[in-house]
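Please arrange chain B on chain A, whose structure you already have, making use of the hints.
In order, the protein sequence lines correspond to chains A and B.
Numbering follows the numbering used here, with no gaps: position 92 of the first sequence is 92.
Numbering follows the numbering used here, with no gaps: position 76 of the second sequence is 373.
Simulated from the structure, these hints should not be mistaken for laboratory data.
The structure displayed is predicted, hence computed values, not measured ones.
We put the beta carbon where it would ideally sit given N, CA and C, even for glycine.
Check the hints yourself; a few may be wrong.
Reference listing, derived: stretches of chain B covered by chain A, where coverage requires no fewer than 3 residues with Cβ under 8 Å from a Cβ of chain A [what the hints assert, rightly or not]:
id: 1; region: 326-333
id: 2; region: 462-471
id: 3; region: 489-497
id: 4; region: 524-535
id: 5; region: 538-547
id: 6; region: 553-561
Pair ranges (Cβ atoms, derived) [to be verified]:
id: 7; chain 1: A; residue 1: Phe-4; chain 2: B; residue 2: Asn-512; range: 31 to 37 Å
id: 8; chain 1: B; residue 1: Gly-390; chain 2: A; residue 2: Asn-274; range: 41 to 47 Å
id: 9; chain 1: B; residue 1: Glu-325; chain 2: A; residue 2: Glu-257; range: 49 to 55 Å
id: 10; chain 1: B; residue 1: Gly-570; chain 2: A; residue 2: Val-141; range: 32 to 38 Å
id: 11; chain 1: A; residue 1: Arg-33; chain 2: B; residue 2: Asn-571; range: 41 to 47 Å
id: 12; chain 1: B; residue 1: Glu-514; chain 2: A; residue 2: Ser-214; range: 16 to 22 Å
id: 13; chain 1: B; residue 1: Ala-588; chain 2: A; residue 2: Gln-287; range: 34 to 40 Å
There are 2 protein chains.
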Amino acid sequence: MDDFRIGKLVVVGVGLIGGSLAAALKREGVVDRVVGVGRSRNNIERALTLGVIDEACDDIGDAARDADIVVVSVPVRQTASVIGPLREALGNGAVLTDAGSTKRDFVTLARSYFGGETGNNVLENVVPGHPIAGAERTGVVSATADLFAGKRVVLTPMPETSDASADRIGAMWGACGADVIHMSAEHHDSVFSAVSHLPHVLSYALVEMIASRSNSEELFSHAASGFRDFTRIAGSSPEMWRDICATNRDQIVTDIEAFQQALVTMVNHLRAGNFDSVESIFAAAAQARQAWMEKQK
Amino acid sequence: MDDFRIGKLVVVGVGLIGGSLAAALKREGVVDRVVGVGRSRNNIERALTLGVIDEACDDIGDAARDADIVVVSVPVRQTASVIGPLREALGNGAVLTDAGSTKRDFVTLARSYFGGETGNNVLENVVPGHPIAGAERTGVVSATADLFAGKRVVLTPMPETSDASADRIGAMWGACGADVIHMSAEHHDSVFSAVSHLPHVLSYALVEMIASRSNSEELFSHAASGFRDFTRIAGSSPEMWRDICATNRDQIVTDIEAFQQALVTMVNHLRAGNFDSVESIFAAAAQARQAWMEKQK
Numbered sequence: 001m002d003d004f005r006i007g008k009l010v011v012v013g014v015g016l017i018g019g020s021l022a023a024a025l026k027r028e029g030v031v032d033r034v035v036g037v038g039r040s041r042n043n044i045e046r047a048l049t050l051g052v053i054d055e056a057c058d059d060i061g062d063a064a065r066d067a068d069i070v071v072v073s074v075p076v077r078q079t080a081s082v083i084g085p086l087r088e089a090l091g092n093g094a095v096l097t098d099a100g101s102t103k104r105d106f107v108t109l110a111r112s113y114f115g116g117e118t119g120n121n122v123l124e125n126v127v128p129g130h131p132i133a134g135a136e137r138t139g140v141v142s143a144t145a146d147l148f149a150g151k152r153v154v155l156t157p158m159p160e161t162s163d164a165s166a167d168r169i170g171a172m173w174g175a176c177g178a179d180v181i182h183m184s185a186e187h188h189d190s191v192f193s194a195v196s197h198l199p200h201v202l203s204y205a206l207v208e209m210i211a212s213r214s215n216s217e218e219l220f221s222h223a224a225s226g227f228r229d230f231t232r233i234a235g236s237s238p239e240m241w242r243d244i245c246a247t248n249r250d251q252i253v254t255d256i257e258a259f260q261q262a263l264v265t266m267v268n269h270l271r272a273g274n275f276d277s278v279e280s281i282f283a284a285a286a287q288a289r290q291a292w293m294e295k296q297k
Numbered sequence: 298m299d300d301f302r303i304g305k306l307v308v309v310g311v312g313l314i315g316g317s318l319a320a321a322l323k324r325e326g327v328v329d330r331v332v333g334v335g336r337s338r339n340n341i342e343r344a345l346t347l348g349v350i351d352e353a354c355d356d357i358g359d360a361a362r363d364a365d366i367v368v369v370s371v372p373v374r375q376t377a378s379v380i381g382p383l384r385e386a387l388g389n390g391a392v393l394t395d396a397g398s399t400k401r402d403f404v405t406l407a408r409s410y411f412g413g414e415t416g417n418n419v420l421e422n423v424v425p426g427h428p429i430a431g432a433e434r435t436g437v438v439s440a441t442a443d444l445f446a447g448k449r450v451v452l453t454p455m456p457e458t459s460d461a462s463a464d465r466i467g468a469m470w471g472a473c474g475a476d477v478i479h480m481s482a483e484h485h486d487s488v489f490s491a492v493s494h495l496p497h498v499l500s501y502a503l504v505e506m507i508a509s510r511s512n513s514e515e516l517f518s519h520a521a522s523g524f525r526d527f528t529r530i531a532g533s534s535p536e537m538w539r540d541i542c543a544t545n546r547d548q549i550v551t552d553i554e555a556f557q558q559a560l561v562t563m564v565n566h567l568r569a570g571n572f573d574s575v576e577s578i579f580a581a582a583a584q585a586r587q588a589w590m591e592k593q594k
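Next up, chain A with everything else stripped away, as it sits in the complex:
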């Protein structure tokens, strides 16, 4: 691990995640050169000024040709438009990873671009990934070398992925201070639907419901700190969360429906005056959350 080095790192999408990754690897002194590719000229200029990247490049294929590692960190829906030109780099031995919040879609995309008939096995160099870190700030100006310290990064290597590639991406995130774990893309999407995607949908839906009421201004004026925290995630990027809903639709629908069932149970208890049952649900939740918080410490 001490020997881990990256000669050339290409970051496609130098935003909060891509920028923070580059900044962390530079601070740790494990990367020789970082090339940034991005759709916003402004943002790329800023990344250069901040020293987060050493060089900017407009052409993904050119940038990646002799790269050691390519990190794609763009809104999920744009992934398809950027990974095509990476085939040559992968053939040259570059390892590709991404930072998308859903993983089955990236696997499908990687297979459709790099799998199959050509038989050059470049999929062994593809390591789907998902760093679990702040999503509310955006752009390279929000990037910080500390973003991943103590955070978790989930890698979802495909059966086609080589151990060496997975190890290399794991070492990269480890160098940023992250805790790296592996699971299948399917399992990833199921786990994060429950603990992340569903809460986001619920939070957005509640705020939109209140905002739609004729007395919404008055209602908001009475909202307090509980509401503020409950709805913090409803301040997340609508574009990003649209993409997550689109790419993990079946799991999210399944979880919304399970939640709807939980609400039916709650309403039935309330209507029947089973307040002991209501209190039991609340107590089970409070206790589970308390146990979880204890483990976080």
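Frame of chain A, contents of chain B only:
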């Protein structure tokens, strides 16, 4: 307002709210003597030691007899067991207020104890109230004179309540730095069902749903800061929230059902692949929340 003074204040239930109120009024030097009544001997001893109350009394009627203001700050379900003995005090001119999170039930209770045939009009001295302040810590040890500074207190005077009584309770909360507003008990319960009770039910329901799954330990291990904030209110007192659900059941059921409808809409959009509609809902929510946060500053 500068002339506002309380000779004798009786606090029934010297917990976070009652204790903080007493502490604030003492710090502001507007109260001569605070008498505490509480079911927990331990807590009352601590309140004495902390100087939050000057005196403890076991008998509510005795404590209140010559009081200027009586504040009842006990779990909502216990209100019925403590307000009966206050009739004499109210007849003597004491003003009674409470700190419950639901208000129609307190109005009903006050009328059943103090209204009607006896005709001594003590209801003019009853001012239902709801300070909107932290509910997750409990006990007098959590009390602080700053708790209400800049916070809102909603008073829901009844038609029977005199202006003088409402003004007096308003002045008391004003002395603690709170922003006092008036509305009807019915309107209060409808507003807080939407912005407080419903979010609590949703947060409890989500945590309980995840805790009930066979892989709950794994799921919690992947929960991040968004989940932490969304579920903070699921750490609230199950007893207190059971009481709120019991006393505001019809409004809460109505709001849960409105939310279920919002989820049906969401599921329909997802199934139909109407991701633009999903994004519109998310964007409306993000924008409404942003506007609300701006106003908070």
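Verification of the supplied hints:
no.	hint	result
1	326-333	violated (count 0)
2	462-471	violated (count 0)
3	489-497	holds (count 7)
4	524-535	holds (count 12)
5	538-547	holds (count 5)
6	553-561	holds (count 8)
7	A/Phe-4 / B/Asn-512: 31 to 37 Å	32 Å, holds
8	B/Gly-390 / A/Asn-274: 41 to 47 Å	42 Å, holds
9	B/Glu-325 / A/Glu-257: 49 to 55 Å	53 Å, holds
10	B/Gly-570 / A/Val-141: 32 to 38 Å	35 Å, holds
11	A/Arg-33 / B/Asn-571: 41 to 47 Å	44 Å, holds
12	B/Glu-514 / A/Ser-214: 16 to 22 Å	44 Å, violated
13	B/Ala-588 / A/Gln-287: 34 to 40 Å	36 Å, holds
Of the numbered hints listed earlier, those contradicted by the structure are 1, 2, 12.
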